[in-house]
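Novice: Once you have looked at the hints, place chain B on chain A.
There are 2 protein chains.
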Amino acid sequence: MASTDKPAAHSDKTEVESQPPNHSPCINLFLVDLPLRVLLFASTVVAIVLITTSKDTEIAVVSLAPSKFGPRAAKFTHSPALIYFLVAVSVACLYSILSIFASFSSISKPAPPKTLLLVLAFFDALFVGIVSSALGAAAGVAYIGYKGNSHVGWNKICNVYDKFCRHIAGYLTMALLASIILVFLTMLSTYSLYRRSR
Amino acid sequence: MASTDKPAAHSDKTEVESQPPNHSPCINLFLVDLPLRVLLFASTVVAIVLITTSKDTEIAVVSLAPSKFGPRAAKFTHSPALIYFLVAVSVACLYSILSIFASFSSISKPAPPKTLLLVLAFFDALFVGIVSSALGAAAGVAYIGYKGNSHVGWNKICNVYDKFCRHIAGYLTMALLASIILVFLTMLSTYSLYRRSR
Numbered sequence: 014m015a016s017t018d019k020p021a022a023h024s025d026k027t028e029v030e031s032q033p034p035n036h037s038p039c040i041n042l043f044l045v046d047l048p049l050r051v052l053l054f055a056s057t058v059v060a061i062v063l064i065t066t067s068k069d070t071e072i073a074v075v076s077l078a079p080s081k082f083g084p085r086a087a088k089f090t091h092s093p094a095l096i097y098f099l100v101a102v103s104v105a106c107l108y109s110i111l112s113i114f115a116s117f118s119s120i121s122k123p124a125p126p127k128t129l130l131l132v133l134a135f136f137d138a139l140f141v142g143i144v145s146s147a148l149g150a151a152a153g154v155a156y157i158g159y160k161g162n163s164h165v166g167w168n169k170i171c172n173v174y175d176k177f178c179r180h181i182a183g184y185l186t187m188a189l190l191a192s193i194i195l196v197f198l199t200m201l202s203t204y205s206l207y208r209r210s211r
Numbered sequence: 014m015a016s017t018d019k020p021a022a023h024s025d026k027t028e029v030e031s032q033p034p035n036h037s038p039c040i041n042l043f044l045v046d047l048p049l050r051v052l053l054f055a056s057t058v059v060a061i062v063l064i065t066t067s068k069d070t071e072i073a074v075v076s077l078a079p080s081k082f083g084p085r086a087a088k089f090t091h092s093p094a095l096i097y098f099l100v101a102v103s104v105a106c107l108y109s110i111l112s113i114f115a116s117f118s119s120i121s122k123p124a125p126p127k128t129l130l131l132v133l134a135f136f137d138a139l140f141v142g143i144v145s146s147a148l149g150a151a152a153g154v155a156y157i158g159y160k161g162n163s164h165v166g167w168n169k170i171c172n173v174y175d176k177f178c179r180h181i182a183g184y185l186t187m188a189l190l191a192s193i194i195l196v197f198l199t200m201l202s203t204y205s206l207y208r209r210s211r
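Respectively, the protein sequence lines represent chains A and B.
Numbering of the first sequence is given in the numbering used here, commencing with residue 14 and proceeding in unit increments.
Numbering of the second sequence is given in the numbering used here, commencing with residue 14 and proceeding in unit increments.
Calculated from the structure, these hints are not laboratory results.
One or more of the hints may lead you astray.
Said to hold, decoys possible - Computed, partial: chain B to chain A, Cβ under 10 Å: (1) Ala55; (2) Pro84; (3) Lys88; (4) Tyr97; (5) Ser103; (6) Lys122; (7) Ile143; (8) Ala147; (9) Thr186; (10) Leu190; (11) Arg208.
What the hints assert, rightly or not - From the derived model, a few chain B residues whose C-beta atoms are all more than 12 Å from chain A: (12) Thr66; (13) Ile120; (14) Lys169.
Each residue gets a CB set at the ideal place from its N, CA and C atoms; glycine is no exception.
Extracted from the complex, chain A is given alone in its bound form (with noise of 0.2 Å):
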């Protein structure tokens, strides 16, 4: 890119200074992509240690009937929307590794390609739709055990297991902040590739 623009100012200087926006249009965002995306990666990553590591065993009862007396374990596989905030979040984690790899490999261009810029762009706001997706289904069900539903007779169970509830507080926050940073990362693609449009 640069070396296409080169020859045009040497050429025509005057067609170069009637279009001010052009002086800069191949500014690489880069610089601000890789930080996001290495944070994107330490995100998901501790939301998959949070929620592989959230079993809690109490002595309790959890429903209203008699027969659920005794130990019984609260774990993420008892529920599937808690199975699809993981692979969800997991899906996400192996992209932002090769996202990071990609955006590093650009890190240092003066123009990075555009063709990358768009690819990314495009994965980052499918991520986007994936990450939130597993946000919502597991704060929805996580909200259901932290207060209950008295009106169809759903108990919460957060009074018991309070450890595991604590790791879904945490694994929510890593997912909330993961999809927050998916949003800019689309955004700063789709910006830099404005930057360099006519």
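Specialist: Chain B alone, transformed into the frame defined by chain A:
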């Protein structure tokens, strides 16, 4: 945009021939963008209608507690997840109306304003996150209503409130459609900027 290309094509034909993507950099993708936004509006309106008309009163036992006998209504206001869903989809519906006007204003232009493309891509990405998280939250709670969760004593309610659950299935489908449309719209605006980038 087109005017800046034409002099270049006249002055240096070989340079233009070596860059085939520059022949039609200003394609107007609003012809695809506008119908998608109308579809987004339609799906969110249907979702709003379905959620606000989803009240279902049944004489039923919805809990193991003996005091819960008698006629009871299932309403979306009983679930914070479904309230969040309604708010999120309503905001997305308002946004779709605004973006339809923006898209319509640029549909006939040979080169739509690039700032509009950037703003639409930003907001589309944001709404992917909002609508997807609402979809996840509502789907997570709906799944418990459909299947229950024996591990924590949450009983399924869809065997009783079948009309209510059919409505939920309807508006979840609409929200899924809206999420997918929003991802495509983000990609479309980004692709338009990509086609115009150097």
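Novice: Of all the hints numbered above, which does this structure not satisfy? Sort the numbers upward.
Specialist: Checked against the structure, the hints that fail are numbers 1, 2, 5, 6, 9, 10 and 14, while the rest are satisfied.
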